[in-house]
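Trainee: Given next are the chains, with one letter for each unit.
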Amino acid sequence: GQSLEQPSEVTAVEGAIVQINCTYQTSGFYGLSWYQQHDGGAPTFLSYNALDGLEETGRFSSFLSRSDSYGYLLLQELQMKDSASYFCAVTARGSTLGRLYFGRGTQLTVWP
Amino acid sequence: EAGVAQSPRYKIIEKRQSVAFWCNPISGHATLYWYQQILGQGPKLLIQFQNNGVVDDSQLPKDRFSAERLKGVDSTLKIQPAKLEDSAVYLCASRGPQVAGGSYEQYFGPGTRLTVT
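Chains as they are written, first to last, in this note's numbering: chain A, -9 to 102; chain C, 6 to 122.
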């Protein structure tokens, strides 16, 4: 089976940097994705890592260490609009057509 | 391009009643997913379609839940009869193009918030 652990809540102030960690256990790992979800909104794709290392997309970066079964999402220059829930999700090797297994999510609150 | 459409956005029913949700994915997307998201949790896959065929329904409570995608485009998820624990947001998603590294981005609809009383 698959299990993912991430902190339930993180708070930070505008302009700061925050890191949301995710550890996973899976029977055959293929990749780790991150999704953002505002209250009452739809999850939206942020990033994907299949190989070790850092992927940067604007203010957001995502890191993966396959040997440690660990990844993180790094949000820089925080803005109020970044207040949302962030989910890590694994794609398991052999899973059908990109099936995702989601963590419980991390609620990020950005204060002015 | 239009996003994933879902209706209704909200639904309140009593336990033991029936309810149906509708989803229209992004045009051309062959893979469609239905998720259940209970408050405070991540989305959990209920069923996955490829065109009009079921690929994975291992997590679907088949005694009360059913889904179809007859023409390989829009889809309907039904609950009959509903239980209190079915209160959740039901999300529909369709699979987009392959991203770097070999995975796929999923595009989610706004969801249907179901309250069972």
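Just so you know, these hints were derived from the structure itself, not from any lab.
As the structure is a computational prediction, the values presented were derived from the model and not from experiment.
Treat the hints loosely; a few may be bogus.
Only pairs whose alpha carbons sit at most 20 Å apart, straight line, appear in this in silico SDA-like list of lysine to any residue [said to hold, decoys possible]:
no. : chain 1 : residue 1 : chain 2 : residue 2
1   : C       : K49       : A       : T13
2   : C       : K83       : C       : G101
3   : C       : K49       : A       : E(-5)
4   : C       : K49       : A       : A32
5   : C       : K49       : A       : V3
Which chain C residues stay away from chain A? Per the calculated CB distances, all over 10 Å, these [as the list claims (entries may be wrong)]:
no. : residue
6   : V24
7   : G77
8   : L89
Cβ-Cβ distance ranges computed for the label pairs, FRET-style [what the hints assert, rightly or not]:
no. : chain 1 : residue 1 : chain 2 : residue 2 : range
9   : C       : T122      : A       : G31       : 35 to 45 Å
10  : A       : G43       : C       : K83       : 20 to 30 Å
11  : C       : S32       : A       : H28       : 19 to 29 Å
12  : A       : K71       : C       : L44       : 41 to 51 Å
13  : C       : I17       : A       : S17       : 31 to 41 Å
Cβ atoms here follow ideal geometry from the backbone N, Cα and C, with glycine treated the same way.
Trainee: Does each hint fit the structure? Answer for all of them.
Mentor: Results for each hint:
1. C:K49 x A:T13: 18 Å, holds
2. C:K83 x C:G101: 25 Å, violated
3. C:K49 x A:E(-5): Satisfied, since the Cα-Cα distance of roughly 15 Å is no more than 20 Å.
4. C:K49 x A:A32: Holds. C:K49 to A:A32 sits at ~14 Å (cutoff 20 Å).
5. C:K49 x A:V3: Distance of about 31 Å is beyond 20 Å: violated.
6. V24: 19 Å, holds
7. G77: 14 Å, holds
8. L89: 21 Å, holds
9. C:T122 x A:G31: 35 to 45 Å: 25 Å, violated
10. A:G43 x C:K83: 20 to 30 Å: For A:G43 and C:K83 the Cβ distance comes to about 44 Å; the hint is violated.
11. C:S32 x A:H28: 19 to 29 Å: 25 Å, holds
12. A:K71 x C:L44: 41 to 51 Å: Roughly 22 Å apart at Cβ, these two residues miss the hinted range, so it is violated.
13. C:I17 x A:S17: 31 to 41 Å: 39 Å, holds
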